[in-house]
Amino acid sequence: MRTRATLTGIFASVSVLVIGWQFGAAAISTATSASQGTSTTGASSGAAPAATPTAGASAGATTATTAAAGPKDGSYTGTSENTPFGNVQVKVVVAGGKITSVVALQLTDNGGRSVQISNYAAPILRSEVIKAQSAKVSNVSGATYTTDGYLSSAQSALDQAGF
Amino acid sequence: MRHVFFTMGTAVSVELPGVDSAGRALERVEEIFAEADHRFSLYRADSELSRVASGSLALMASSPELRRSYAEALLWRNETGGAFTPHRPDGIIDLNGIVKAETIERAASVLDDAGFVDWSINAGGDILCRGSQSPGQPWTLGIADPADRLALLCSVTLVGDRRAIATSGSAERGDHIWRKGSLEPTEFVQATVVASSIVTADVLATAIVSGGGTSLDQFTARWSIDALTVDRAGNLRATPGFRSALATPRVSPLLA
Chain A
4 MRTRATLTGI
14 FASVSVLVIG
24 WQFGAAAIST
34 ATSASQGTST
44 TGASSGAAPA
54 ATPTAGASAG
64 ATTATTAAAG
74 PKDGSYTGTS
84 ENTPFGNVQV
94 KVVVAGGKIT
104 SVVALQLTDN
114 GGRSVQISNY
124 AAPILRSEVI
134 KAQSAKVSNV
144 SGATYTTDGY
154 LSSAQSALDQ
164 AGF
Chain B
274 MRHVFFTMGT
284 AVSVELPGVD
294 SAGRALERVE
304 EIFAEADHRF
314 SLYRADSELS
324 RVASGSLALM
334 ASSPELRRSY
344 AEALLWRNET
354 GGAFTPHRPD
364 GIIDLNGIVK
374 AETIERAASV
384 LDDAGFVDWS
394 INAGGDILCR
404 GSQSPGQPWT
414 LGIADPADRL
424 ALLCSVTLVG
434 DRRAIATSGS
444 AERGDHIWRK
454 GSLEPTEFVQ
464 ATVVASSIVT
474 ADVLATAIVS
484 GGGTSLDQFT
494 ARWSIDALTV
504 DRAGNLRATP
514 GFRSALATPR
524 VSPLLA
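These protein sequence lines map, in sequence, to chains A and B.
If you read the first sequence in the working numbering, its first letter stands for residue 4, the second for the next number, and so on.
If you read the second sequence in the working numbering, its first letter stands for residue 274, the second for the next number, and so on.
In short, the hints are calculated from the structure, not lab data.
Remember, predicted model here, so these are calculated numbers, not experimental data.
A few of these clues could be false.
To be verified - Here are the simulated lysine to aspartate or glutamate pairs, EDC-like style, with alpha carbons at most 20 angstroms apart:
| hint | chain 1 | residue 1 | chain 2 | residue 2 |
| --- | --- | --- | --- | --- |
| 1 | A | 139 | B | 421 |
| 2 | A | 101 | B | 421 |
| 3 | A | 139 | A | 162 |
| 4 | A | 139 | B | 391 |
Stated by the list, open to error - Estimated spans, in silico, between C-beta atoms of each pair:
| hint | chain 1 | residue 1 | chain 2 | residue 2 | range |
| --- | --- | --- | --- | --- | --- |
| 5 | B | 327 | A | 149 | 44 to 50 angstroms |
| 6 | B | 307 | A | 84 | 58 to 64 angstroms |
| 7 | B | 292 | A | 85 | 58 to 64 angstroms |
Cβ atoms here follow ideal geometry from the backbone N, Cα and C, with glycine treated the same way.
Take these sequences, add in the hints, and give me the full structure.
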């Protein structure tokens, strides 16, 4: 029974992700090509990492004068699309003319029930995580398995400093 | 105070903020790690697990502790679809992938029972903590950059029941990461998992490196975990919860 439940769960997860990518791709083209009206700028979206307000604006202006080569930096939330499986909605983040993050806001499973893919691991920019570096850390998590590895690690430095 | 000792082929750091002397508790913590090392190390020819590996001790005749860890490892093998396994390609039973985390849990009980409310235990990069780092400051932990062991990729704060963080990688020895018959390099060079249990975090971090993006998506959907992965090109993926756990500087650069 447990195995069956497990397999069902895994199958459902995989199905949802596959559907998510398919519809995600469709929604991205909708959002980027048509509806600038649904976009928010990097400045107003707290979650939009790489698009600093000024950089996003100037990059967008440049793009506009050179025949709209690529999408403006920012966070784009697509409209909620009605599909045979139910409603599907995604958000994409564009930085430097590239999609850096795709987040499924609303998906459905095979039975048409609404599913929140709230825990999907999406691409994230190094610049977004690196801003946190100056926080004072007490320990370091790392794949350090050997004593030799430890001795030349950041954790060793913290230990010697008494953190 | 901070206490560092070497065991299981790595270093263990115990931090007790605001404490000057821990007395007997730290001795007991060291004993617990030493006991596990003597029982489970495959680098010691006389360990119980080495004797099982060599055939001089039948698994059925092994200690309840060994069989319990083996059973737990088999459970995780089944739960992860084989991405985590205690079976080396040569057939040897290796419990290195789970014993360290189980030992951290036992050591944590000692600190809890001794009445410490704020503590962290870091064993070879796998960390379990409780309480806070300093008054009003949650535990803030760095994640090593797989490309530069002295650099941090980022730092995260652990709050609520998310008390455990573990990182696995193929960059260093990575000796408990085996892949089912594949000779292809792993998709991820490093995976970090945040969870409420250190065993869950450690096992799933290993299984994500072993199983790649498919396992990452399955596990984040199934378990209440957060994850950060680094692929071969250096690109990162993170769950929303991991993003929000990213530690921010105490003084905003905008105000400085």
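Status of the hints after comparison with the structure:
no., hint, verdict
1, A:139 <-> B:421, "holds, 19 angstroms"
2, A:101 <-> B:421, "violated, 27 angstroms"
3, A:139 <-> A:162, "holds, 14 angstroms"
4, A:139 <-> B:391, "holds, 17 angstroms"
5, B:327 <-> A:149: 44 to 50 angstroms, "violated, 24 angstroms"
6, B:307 <-> A:84: 58 to 64 angstroms, "holds, 60 angstroms"
7, B:292 <-> A:85: 58 to 64 angstroms, "holds, 60 angstroms"
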